[in-house]
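Can you make the complete structure from the sequences, with help from the hints?
Listed below, chain by chain, are the residues.
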Amino acid sequence: MNFDRTVTIVDYGAGNLRSVARAVAHAGYEPFVTSESRAINDAWALIVPGVGAAADTMDNLRTRHLDVPIHNYIDSGRPFLGICMGMQALFEFSEEGGQHECLGILSGRVARFPSELTVPHIGWNTVHVDGDHPVFKDIPPDAYFYFVHSYHAETEDQKIVIGTTDYETRTFPSVVGRENIIATQFHPEKSGANGLKLYANFIQLARERGSIAPDSDETRKI
Amino acid sequence: MLTKRIIPCFDVADDRVVKGVSFVELRDAGDPVELAAKYDSSGADELVFLDITASSDNRRSMYDLIARTADQVFIPLTVGGGVRSSEDVRMMLEKGADKVSMNTAAIERPELISEASHRFGSQCIVVAVDAKKVGDEKWEIYTHGGRTSTGLDAVEWAREAVDRGSGELLVTSMDTDGHQTGYDIPMLQAINEAVSVPIIASGGAGEPEHLYEALTAGGADAVLAASIFHFGKYDIAYLKQYLERRGVPIRPIDVPNRSLNS
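Residue numbers (our numbering), protein chains in the order written: chain A, 22 to 243; chain B, 722 to 983.
Hints are not guaranteed to be accurate.
[Claimed, not checked] Here are a few chain B residues that face chain A, going by a calculated C-beta distance under 8 Å:
id, residue
1, Leu723
2, Arg726
3, Gly888
Bear in mind the hints are in silico, worked out from the structure with no lab data behind them. Quick reminder that beta carbons are idealized off the backbone N, C-alpha and C, glycines included.
Set out below in structure tokens:
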């Protein structure tokens, strides 16, 4: 295995990782799907994908002893990409199936769309990114991405909101993050050319700069 | 703003697309993976594969087909046909399907919907509602391609499927399917009023106007069609332009020069 080209994808039993792996391969890198904490410790770019329910996601991460390694990885400042459940898991807690404690890396919670809306939110919707973010480089403004979810993030901390999406009467954070973290509610691996570009940007920034932060002053070397 | 989806459907048997294919184009049109890539680049918002043989012999080749498609096509893929157990759902998801559609097995054993949605999440469970008009504002669920009556009321069944965890409904009129005379709008309206999940309209698309009606008057979130695309009567780009002109929110077609060669 060529470590320089290997992008680590966390497998915690959340099903469809194939498309995520293929999107990494499409960017010219080698996907390494793993549930080993050591591989997370060694990674230079980490992706936590996921579909399904928040309770199961957290249970799976904990029973496989992946929660602490993911926490440590993020604390080390290395680039992290979370997708769907991999985004929701970063918050303090989720209301899905009761009240479930999540990783608590970002402040906020995950709540269900109100019942007067069509739920799940399924389909292609626009993502509005305020200002420039390097992971969205060369992606048109208000580009369409594919969503499929019933729960969404809510946060008081506007600094972590990178992009928003309007759904019926609601506007919710669809891209969140800070410094080395970027996380999307949508599925870039199912979002055609724009989604593939997002993967390629994330991986290239991680490989070449060791940082995905918007401000180049914050660039850190791994 | 959330856009309405246009979804080409492929009926698959023995690794080939078998229904609704223009045989003039058979050289290229018969391979599902090639067709999937073609529809992806021409603006399809999602793809549906239905295994119409649903035989155990064909199952392995179906899994292989899902995997090969998911390897090349970066838009959502729904797979259905012959899904009988949570294990079937698991295999399809593992091979790269994003959603799994269930039909007869869910009618025979509605618990399957609850089991699968609990295990994999509602977002990947689609219940197919195949119905025929049996009276004024009344539709009944049929199985086996419209040959077998179940006595189930379509609106009640739709409601139960959603209560049990179906995240989406694929609503097909067995009366209009294949006739290219338009979707059954009153049935779509009746089901849409009864449930809060997205509805995919199916059966009857022949003209752009039909798609427009289903997405507006019918209240559908997506339209599924086969013949209208496969026969080359209208391409997706044309249909999207048409819908956009009439004020339906649609996703513009992806920028060109993308490469899927890796």
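Verification of the hints:
1. Leu723: holds (5 Å)
2. Arg726: holds (5 Å)
3. Gly888: Since chain A brings a Cβ to about 5 Å from Gly888 of chain B, closer than 8 Å, the hint holds.
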